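From first to last, the protein sequence lines are chains A and B. Using this note's numbering, the letters of the first sequence map in sequence onto residues 1 to 253. Using this note's numbering, the letters of the second sequence map in sequence onto residues 1 to 509.
Worth flagging that the hints you see were computed from the coordinates, not collected in a lab. Since we're looking at a predicted model, the values are computed, not measured.
Below, computed lysine-lysine pairings styled on DSBU-like, alpha-carbon distance capped at 35 Å:
| # | chain 1 | residue 1 | chain 2 | residue 2 |
| --- | --- | --- | --- | --- |
| 1 | A | LYS19 | A | LYS75 |
| 2 | B | LYS40 | A | LYS75 |
| 3 | B | LYS92 | A | LYS19 |
| 4 | B | LYS40 | A | LYS19 |
| 5 | B | LYS40 | B | LYS92 |
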Amino acid sequence: MRDVPAIRVENLTVSYRGKPAIRNVSVVVAQGLRVGLIGPNGAGKSTLLRALVGLLVPDTGRVELFGLPVREARKLVAYVPQRSEVDWDYPVVAEEVVLMGRFPHVGWVRRPRTEDRRVAWECLRQVGMEELAHRQIGQLSGGQQQRVFLARALAQEARLLLLDEPFVGVDAATEEAIYGLLDRLREEGRTVVVATHDLSRAQTAFDRLLLLNQHVVAYGPPAEVFQPALLQRTYGGRLTLLEVADQRMAIRP
Amino acid sequence: MSLWELVLEPLQYTFMQRALMAALLVGSICAVLSCFLLVKRWALLGDAISHAVLPGVALAYLLGLPFFVGAVTTGILTALGISAVERHTRIKEDSAMGIVFTGAFALGFVLVSRIRSKAVDLFHILFGNVLGVSDSDLVLTAATGAVVLGVVLLLYKELVLWTFDPVAAAAMGLPTGVLHYTLMFLLSLTIVASLQTVGIVLVVAMLITPGGVAFLLTDRMSRMLGLAVAVGVVSAVTGLYLSYYLNVASGATMVLVASVLFCLAVLLGPREGLVGEWARRRRLAEERVAEDFLKQAYVLGPDGLALERVAERVGLPARQARQLLRRLQRAGLARWDGSRVSLTDAGRARAVELVRSHRLWERYLVEQAGLSWAEVHAEAERLEHLSPTELAARLDEALGHPRRDPHGSPIPPEVAGAVPSVRLLDRAPGERVEVREVEDEDPEVLRALEARGVRPGVRLEVVERAPGGLRVRCDGQEVWLDAHLAAAVYTHAEAAPKADDGTSERRGL
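All chains, full assembly: derive it from the sequences and hints.
Dropping the structure here:
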């Protein structure tokens, strides 16, 4: 089981709102890696993640997670969207949201057990939110909400975590909590894919980078992939972003 | 007649016994569903399905089938029809509902008008007839209730996840489509079961209001369900009794009771309740006045002073000032020796915190936010009450530990009065002085001083004194300060040759 790749994607083409958002994407991600998914807006980062978790149906191609089709791998994957589109007035407190992450383990009809509540509490603690556990979800700040949804993903105890732009619009405390989490997840041997814009930390925070612009531009260790030519191809003619990329290049040893 | 007799008296009639049972059942089933309709924003779907039941009832009569079968069928067909219109056309959900249910309702109306039979009483279908509930109606309602409550209990956790976060539900592999149609099916069943009791038109209220009341009272779905059931049952039973004693329509009375409960929740609810909000504001305002009292007592007279002077500065009538003083005494913040107010150590510490916060905010607003020094006093007056000690520490850090506010007043722990100031008005012609502080309360005065270049740290030479004010040289220019302006300016005592000449500490913030 250890030898099976966490993600195997072959010739994946997925349309979003009638237009192909990613074309012929093929990539194999080994288990236990932290992967940074990098590309400009509209590159299809979210589409790829949503296809991996089965929220979008591919036009062509196939996805295997840990050697299983997506439908059979639900328990193995946790996904945190960029901004959860939930009703923020919903009568639910942070702790209950995290407990929802246990549902795949609890199974249909049954009630969460003491063990599930303990895991949920532990996950809340890991993101530093235990003091606000009884706060209604809408009464938390954006960063705190994001941490609650991260805790819910942790509570799923999945072997593969997909995080879509977790750093957008969050405070410094949340950002550090997320990076801390990435380290811990790797120690536990779990695989993490993070879509991000943060090029400055992409080189150090991840074991692999996947440069995406509708198709795969490059996939490999940061030292090999973080090249001006490749970044230019990823970001195309977007001047401002290129400048940013060049600046980051200058920081490289 | 005792209350107990009032409760029991109607129950000697079998029809009232049945009505009470039906009311209890309908009140609780509708309430359970109302919670999910509210969070799913399906309130209008309830309206739509309830109206669409009418053609089903009419068709069932024409075909000789039980009403129940016809009603459930058209109810579900309408729900499906709405989904179909929404999915396959560009029409959005609200319009889709409006189009489909009015069409179905009209069809029902046409059919009923064709039938013209006593067996299908339009008024009863529309507004219910709880007093005419038969045993078989009751069995049907009870069975429906068992199905609805059973499914909701079994799928509670799935329904909550799906209604809260449909994307996560789908990602975790929940069949969201199945849940969607399950809830629609339960809704249709409930509406049909409620038909006899409250009728098509009023069932909508029982499907929305109890959930609405409960939603205002709690932050948790589990409690919301319990509260909604309580509201639904209380409305149904109270409404039934009221209608019995007042001899009015029972279904409408039940809905009215629910509406009254909703009004109470709006007024008294803990989170958004108007009364709670009013009390919170009042508490906050009282808190501010108390803090101002401490601050003024500290600034005006560290060694104690008359209550009237503090009261005047805070803007409190004498009676309220005495009440406030008693409260502060009880809290161990102030003392009263029969003639003078003084602060305890704790009161002084709190006052110092406020003064510090106030002056740091003034400095911050001028330096970082770019406000003029004339405006910042009023802003800081508000902010000081809202800033915890840690925030003041952060401001202090960010500003590089300033010692004085923009008007020259010392920022605690920098102590006022260690070196006395001299009023500019008390200076003699020919004296060269340095401005130490200015009174900051009046923006007009501050603007006038600013226009003349007079601010803390500036050196002035008094040129001449006249009855209406004095002429000073400031930055090589001579400016005229009338007595009102000059009275707001305090100078460093050490720069003056005659320090004993009327020293006084400035008494402002």
